[in-house]
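A.B. asks: The chain contents come next:
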Amino acid sequence: MNPSETTEILEDDATLQLDANDNLRHLLTLKGLSSTLLTEILDDAEYYLTAPGELPARTQSLAGRTVGNLFFEPSTRTRASFDLAGRRLGADVLNLDVNTSSRKKGESILDTIYTLEAMQIDLMVVRDASAGVPAFIARHVKDHVCVLNAGESDLSHPTQGLLDILTIRQHKPDFANLTVAIVGDIQHSRVAMSASQGLQTLGIGELRLISPPAFAPDADRFPGAMIVDNLADGLKDADVVMALRIQRERIGNLDGVPGIDEYFAHYGVSHASMQHAKPDAIVMHPGPMNRGIEIEGTLADGPSSVITEQVTNGVAVRMAVLDRVGKIMAAR
Amino acid sequence: MNPSETTEILEDDATLQLDANDNLRHLLTLKGLSSTLLTEILDDAEYYLTAPGELPARTQSLAGRTVGNLFFEPSTRTRASFDLAGRRLGADVLNLDVNTSSRKKGESILDTIYTLEAMQIDLMVVRDASAGVPAFIARHVKDHVCVLNAGESDLSHPTQGLLDILTIRQHKPDFANLTVAIVGDIQHSRVAMSASQGLQTLGIGELRLISPPAFAPDADRFPGAMIVDNLADGLKDADVVMALRIQRERIGNLDGVPGIDEYFAHYGVSHASMQHAKPDAIVMHPGPMNRGIEIEGTLADGPSSVITEQVTNGVAVRMAVLDRVGKIMAAR
Amino acid sequence: MNPSETTEILEDDATLQLDANDNLRHLLTLKGLSSTLLTEILDDAEYYLTAPGELPARTQSLAGRTVGNLFFEPSTRTRASFDLAGRRLGADVLNLDVNTSSRKKGESILDTIYTLEAMQIDLMVVRDASAGVPAFIARHVKDHVCVLNAGESDLSHPTQGLLDILTIRQHKPDFANLTVAIVGDIQHSRVAMSASQGLQTLGIGELRLISPPAFAPDADRFPGAMIVDNLADGLKDADVVMALRIQRERIGNLDGVPGIDEYFAHYGVSHASMQHAKPDAIVMHPGPMNRGIEIEGTLADGPSSVITEQVTNGVAVRMAVLDRVGKIMAAR
Numbered sequence: 061m062n063p064s065e066t067t068e069i070l071e072d073d074a075t076l077q078l079d080a081n082d083n084l085r086h087l088l089t090l091k092g093l094s095s096t097l098l099t100e101i102l103d104d105a106e107y108y109l110t111a112p113g114e115l116p117a118r119t120q121s122l123a124g125r126t127v128g129n130l131f132f133e134p135s136t137r138t139r140a141s142f143d144l145a146g147r148r149l150g151a152d153v154l155n156l157d158v159n160t161s162s163r164k165k166g167e168s169i170l171d172t173i174y175t176l177e178a179m180q181i182d183l184m185v186v187r188d189a190s191a192g193v194p195a196f197i198a199r200h201v202k203d204h205v206c207v208l209n210a211g212e213s214d215l216s217h218p219t220q221g222l223l224d225i226l227t228i229r230q231h232k233p234d235f236a237n238l239t240v241a242i243v244g245d246i247q248h249s250r251v252a253m254s255a256s257q258g259l260q261t262l263g264i265g266e267l268r269l270i271s272p273p274a275f276a277p278d279a280d281r282f283p284g285a286m287i288v289d290n291l292a293d294g295l296k297d298a299d300v301v302m303a304l305r306i307q308r309e310r311i312g313n314l315d316g317v318p319g320i321d322e323y324f325a326h327y328g329v330s331h332a333s334m335q336h337a338k339p340d341a342i343v344m345h346p347g348p349m350n351r352g353i354e355i356e357g358t359l360a361d362g363p364s365s366v367i368t369e370q371v372t373n374g375v376a377v378r379m380a381v382l383d384r385v386g387k388i389m390a391a392r
Numbered sequence: 061m062n063p064s065e066t067t068e069i070l071e072d073d074a075t076l077q078l079d080a081n082d083n084l085r086h087l088l089t090l091k092g093l094s095s096t097l098l099t100e101i102l103d104d105a106e107y108y109l110t111a112p113g114e115l116p117a118r119t120q121s122l123a124g125r126t127v128g129n130l131f132f133e134p135s136t137r138t139r140a141s142f143d144l145a146g147r148r149l150g151a152d153v154l155n156l157d158v159n160t161s162s163r164k165k166g167e168s169i170l171d172t173i174y175t176l177e178a179m180q181i182d183l184m185v186v187r188d189a190s191a192g193v194p195a196f197i198a199r200h201v202k203d204h205v206c207v208l209n210a211g212e213s214d215l216s217h218p219t220q221g222l223l224d225i226l227t228i229r230q231h232k233p234d235f236a237n238l239t240v241a242i243v244g245d246i247q248h249s250r251v252a253m254s255a256s257q258g259l260q261t262l263g264i265g266e267l268r269l270i271s272p273p274a275f276a277p278d279a280d281r282f283p284g285a286m287i288v289d290n291l292a293d294g295l296k297d298a299d300v301v302m303a304l305r306i307q308r309e310r311i312g313n314l315d316g317v318p319g320i321d322e323y324f325a326h327y328g329v330s331h332a333s334m335q336h337a338k339p340d341a342i343v344m345h346p347g348p349m350n351r352g353i354e355i356e357g358t359l360a361d362g363p364s365s366v367i368t369e370q371v372t373n374g375v376a377v378r379m380a381v382l383d384r385v386g387k388i389m390a391a392r
Numbered sequence: 061m062n063p064s065e066t067t068e069i070l071e072d073d074a075t076l077q078l079d080a081n082d083n084l085r086h087l088l089t090l091k092g093l094s095s096t097l098l099t100e101i102l103d104d105a106e107y108y109l110t111a112p113g114e115l116p117a118r119t120q121s122l123a124g125r126t127v128g129n130l131f132f133e134p135s136t137r138t139r140a141s142f143d144l145a146g147r148r149l150g151a152d153v154l155n156l157d158v159n160t161s162s163r164k165k166g167e168s169i170l171d172t173i174y175t176l177e178a179m180q181i182d183l184m185v186v187r188d189a190s191a192g193v194p195a196f197i198a199r200h201v202k203d204h205v206c207v208l209n210a211g212e213s214d215l216s217h218p219t220q221g222l223l224d225i226l227t228i229r230q231h232k233p234d235f236a237n238l239t240v241a242i243v244g245d246i247q248h249s250r251v252a253m254s255a256s257q258g259l260q261t262l263g264i265g266e267l268r269l270i271s272p273p274a275f276a277p278d279a280d281r282f283p284g285a286m287i288v289d290n291l292a293d294g295l296k297d298a299d300v301v302m303a304l305r306i307q308r309e310r311i312g313n314l315d316g317v318p319g320i321d322e323y324f325a326h327y328g329v330s331h332a333s334m335q336h337a338k339p340d341a342i343v344m345h346p347g348p349m350n351r352g353i354e355i356e357g358t359l360a361d362g363p364s365s366v367i368t369e370q371v372t373n374g375v376a377v378r379m380a381v382l383d384r385v386g387k388i389m390a391a392r
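Residue numbers (our numbering), protein chains in the order written: chain G, 61 to 392; chain F, 61 to 392; chain Z, 61 to 392.
Treat the hints with care, as some may be off.
When chains are identical, the list treats them as one kind, so a pair holds in a single copy or across two.
[To be verified] Below, a list of computed lysine to aspartate or glutamate pairs in the DMTMM-like style, where the Cα atoms sit at most 25 Å apart:
(1) Lys202 with Asp361
(2) Lys202 with Glu114
(3) Lys202 with Glu106
(4) Lys202 with Asp289
(5) Lys202 with Glu369
Calculated from the structure, these hints are not laboratory results.
Start from the sequences and build out the full structure, keeping to the hints where you can.
C.D. replies: Structure below.
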């Protein structure tokens, strides 16, 4: 990023994503989105689900539009998911490895954005390691351009949150009586943040965030959540257990953070630890998994796992969001 | 690859690729495919050939399907060939540089595959440096998913074999009376393996494998082939001469392997050495060529060369195979 | 490049790009193209412009054709621009990172080209750091294949020249009375070369090339242009001011070349230096910009700047050229 570019997080980032009629025009964060809007997006996403082996759902609602995949951080699955979502709505998708090109040449983010805008790339999917970048871009694009956050620092990953919530809703629709436990490096997890924000808006019964003390989040980042450091306590009678991917380099190098084996023993989501949860609890993971570290391999492959459903729902949720902002854009 | 993943080559890999009605549902190897099936594929491929300058052949038989190009080894031409083949059949094609992404993150092959499957990528084109990977994947995908081997270790490159055989058939259809000579590093060549397997099934007259002694294959890997270390003897009255790409780093660093100049003098396919072959013999090479090492440049550009026809046939053969497995998939 | 490949610049490169009826069949350079032809291309390009927020212009004139983007030098914006141009004309576009693949394997340029040709990639967009490569390729492809130069050494970047000229024409159509000033490292600039060639063919009033003495071009490369080393003199009463991107590594390391701050003070296109130009002068830059080095950021974002229009025109110009050579190709 150009040092002169200010990407601090502003108070109005959550409202920035809604237009005057409260329609979604960017997707920057799940924070501040109403339960009505969240529910509408989830309902739309259901429409794009077809059975394995059938042709994937397909429309022409973005025909003629161009989606730009701007990943300033490497990614395979999220990028592929947005790529397929865009194409299955009839859009052209341009994958831009901004990592290895413009930025290396010292170009500012905004100049890259203005260039893409001038090429009539009207839907920009942005992943960036720095907090504030998607909102920063959204504040600067032309009125007809939409920005979708595809992963932002430790802060936000709204389409991941939506796919997680959709998956939970498919299996456990009674949110008011639901206990969801998220296990892992909560402090650094944009996945935990977005899922928590959406689940709380939808009135989840109880949200527990389980981590070693060194990975515990600041409580004010997750208002209303229970912060727990004992796995057995955290999983007790949970309906949904979500293991987070752990950065291997973070384990064992930090004071108070256990090594790999110890991590699995104390915080691994396993057949053993799942004994504390409800018998019909489902197991989730955003992928890619470190089998044997944060999750037991046979559990991930077993009947309680909904991990591949999360991936399928990911394409559907991204289609729903792209279609929604595309329609708002066309109507303006 | 995840160390816990077993990709050993199993007895039934050759049968794994056929369904209960002996229809092709994966393409893992040419070994074990019947001459009827091989001939059908070659006939289909002919259908996709158009004259240079005309529009390439195009159908919508894979419209709505998604092809994933999973290259765990770098490739330009094979990947481009599959990419064009898929798109010219109406499919969406997703190119995945698995090299530089998931695998680096320590994700297991199967988790990558399950992820792509969950995104409804139903046709997976796989290249991998390790033997057994395509079959390993084929054993684990859902019933409706098809796996195509795009190059596997030293072992198998079935679409390359098919394009080679198609090119030979176009020029020399009388297989029973045909002598085919393959020259180069036979021991490490998946190209030689696949061509040999297919040609022998189709009842080729004589197959000669010519290499320096250090590159000679184990005889039991090529049953029925004549293993020769003298180029003049090997080329004598040959109808078809196929030079293999040599890895430069293998020449001159190995006991009993000649240096570049010596290699060309003793094993180079050249105007001089082609004097031993039949006057109307054709010259082949899978590309990319090391001109002046395994093949003489002016010979590669001359009238006996069918090297660019091989490339054209490559797209056609891949269209034929993709179309075939796609139809089986749709019928299931 | 293979050392045996001769890519010297030949006398007839400029004529090579026209067929017997003076139709454009390759685009290698703006040199030698008639004002009639240039004007036709610019007129065609206007047809592909739509308002921001509207759907981009779209035809099916290249439906069924395949465009190959062969970038032997890295690029994001020019590649994206050609990619979108091809797709918006209905073509399949294949992006080939030739940098990191074939060439590394020692394959010759011509073998790469013959391979793509054999895959029925009929429109080849080529960027290369070596002078003569696009013409070299054009001399060797089949009659129906078209080559478009997307940036060649310090020598030529014809679609950039066209988009610059189109942008100028939109704002300042009275070319006979126009003064255009180009500022920067003229000596190494293919952008300056192509713009100058086209503008002079179209009878521009006055062309001034402004640079530090160390970056001044050989006068015979720019016949008819005024070579100036004082910015104030060069900008005096100019209608159009084009700043060139400077390679940072060239500043401050060369005798007689000023450091960054000094460069901006003496050769920066800024609010201050623009006082010398006409009050309604427009400001251009090919991108990506080094803000604060060759151009002042607030000027680039201000009302006199037409920089994003250049980008929009870039897609339109490339569509016009692709469509034109595609039609000639189809008619042959």
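A.B. asks: Each hint needs a verdict: does it hold in this structure or not?
C.D. replies: To see whether the hints hold, each was checked on the structure:
Proximity of Lys202 to Asp361 under the C-alpha cut-off of 25 Å is restricted to the inter-copy arrangement: shortest distance 14 Å between copies versus 46 Å within a copy. For the homomeric pair Lys202 and Glu114, the shortest alpha-carbon distance between copies (12 Å) is at most 25 Å, but the shortest distance inside one copy (39 Å) is not. Proximity of Lys202 and Glu106 under a CA criterion of 25 Å is satisfied inter-copy only: 22 Å between copies versus 31 Å inside one chain copy. In the homo-oligomer, the alpha carbons of Lys202 and Asp289 never lie at most 25 Å apart, since the shortest distance is 46 Å inside one protomer and 39 Å across protomers.
In this assembly of identical chains, the alpha carbons of Lys202 and Glu369 lie at most 25 Å apart only when taken from different copies (14 Å versus 36 Å within one copy).
The structure fails hint 4 only (numbered hints given earlier).
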